Amino acid sequence: DVKVTQSSRYLVKRTGEKVFLECVQDMDHENMFWYRQDPGLGLRLIYFSYDVKMKEKGDIPEGYSVSREKKERFSLILESASTNQTSMYLCAGWDRRTDTQYFGPGTRLTVL
Amino acid sequence: KQEVTQIPAALSVPEGENLVLNCSFTDSAIYNLQWFRQDPGKGLTSLLLIQSSQREQTSGRLNASLDKSSGRSTLYIAASQPGDSATYLCAVNGNQFYFGTGTSLTVIP
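Chains as they are written, first to last, in the numbering used here: chain A, 61 to 172; chain B, 277 to 385.
Incorrect hints may have been included.
[Said to hold, decoys possible] Below, computed lysine-lysine pairings styled on DSSO-like, alpha-carbon distance capped at 27 Å:
(1) 344(B) to 115(A)
(2) 130(A) to 318(B)
(3) 63(A) to 117(A)
[As the list claims (entries may be wrong)] Listing some non-contacts, in silico: residues in chain B with all C-beta distances to chain A over 10 Å:
(4) 288
(5) 292
(6) 302
(7) 334
(8) 339
(9) 347
(10) 348
(11) 352
(12) 357
(13) 384
If you're looking for bench data, these hints aren't it; they were derived computationally from the structure.
Model, not experiment: these values are computed from the prediction.
Glycine included, every Cβ here is placed at the ideal spot set by N, Cα and C.
Based on the provided sequences and hints, a complete structural model is requested.
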């Protein structure tokens with residue numbers, strides 16, 4: 061079975077802190093995504109990566125950066141956390157063979 | 277930009293009823309459409325994927341249809357059960373993935 065894992069289910073941080081959200085997939089596929097999910101707004105794409113060391117901005121990249129040093133790991137970085145970044149963060153991988161996205165369990169981030 | 281709409285936002289039905297969830301999208305230039313289920317506080321679980329060349333896909337009690345020309349997809353759930361209670365999201369794959377905001381389904385025992 062395909063598996064996408066995220067380092068934390070719940071995270072509480074202070075305003076101004078640097079925050080790392082980690083995502084690991086075992087699919088050996090290139091494409092990985094970071095979304096945030098907010099009530100009434102649905103899932104919005106922050107960044108995606110189609111290969112190691114490659115990254116592309118999504119619809120809402122401001123305040124975020126990403127790192128993809130190894131194929132299986134895609135990290136989302138909040139350089140200086142702010143309260144409006146309180147959200148559910150979802151990582152996904154894309155299986156090219158089946159065109160299917162597979163999601164991790166999500167990280168609920170609260171910024172105080 | 278692609279816009280994906282799911283109506284209704286919430287639905288409550290008695291156990292055993294058949295039901296239909298709707299998804300509409302504005303740009304018919306898509307590769308495929310995927311239906312997901314999301315339980316509270318959890319990630320998304322893939323249910324069905326329909327390629328743009330297909331009309332429908334079935335998995336157990338679930339059947340998804342796609343009418344690309346009219347920009348619509350439906351998810352049919354037969355003989356609903358309380359365990360089907362969750363939020364159901366559709367996502368279209370064009371040059372990137374676009375998600376609807378979901379339909380929250382409650383199946384009452």
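Need the list of violated hint numbers for this structure, in ascending order. 1
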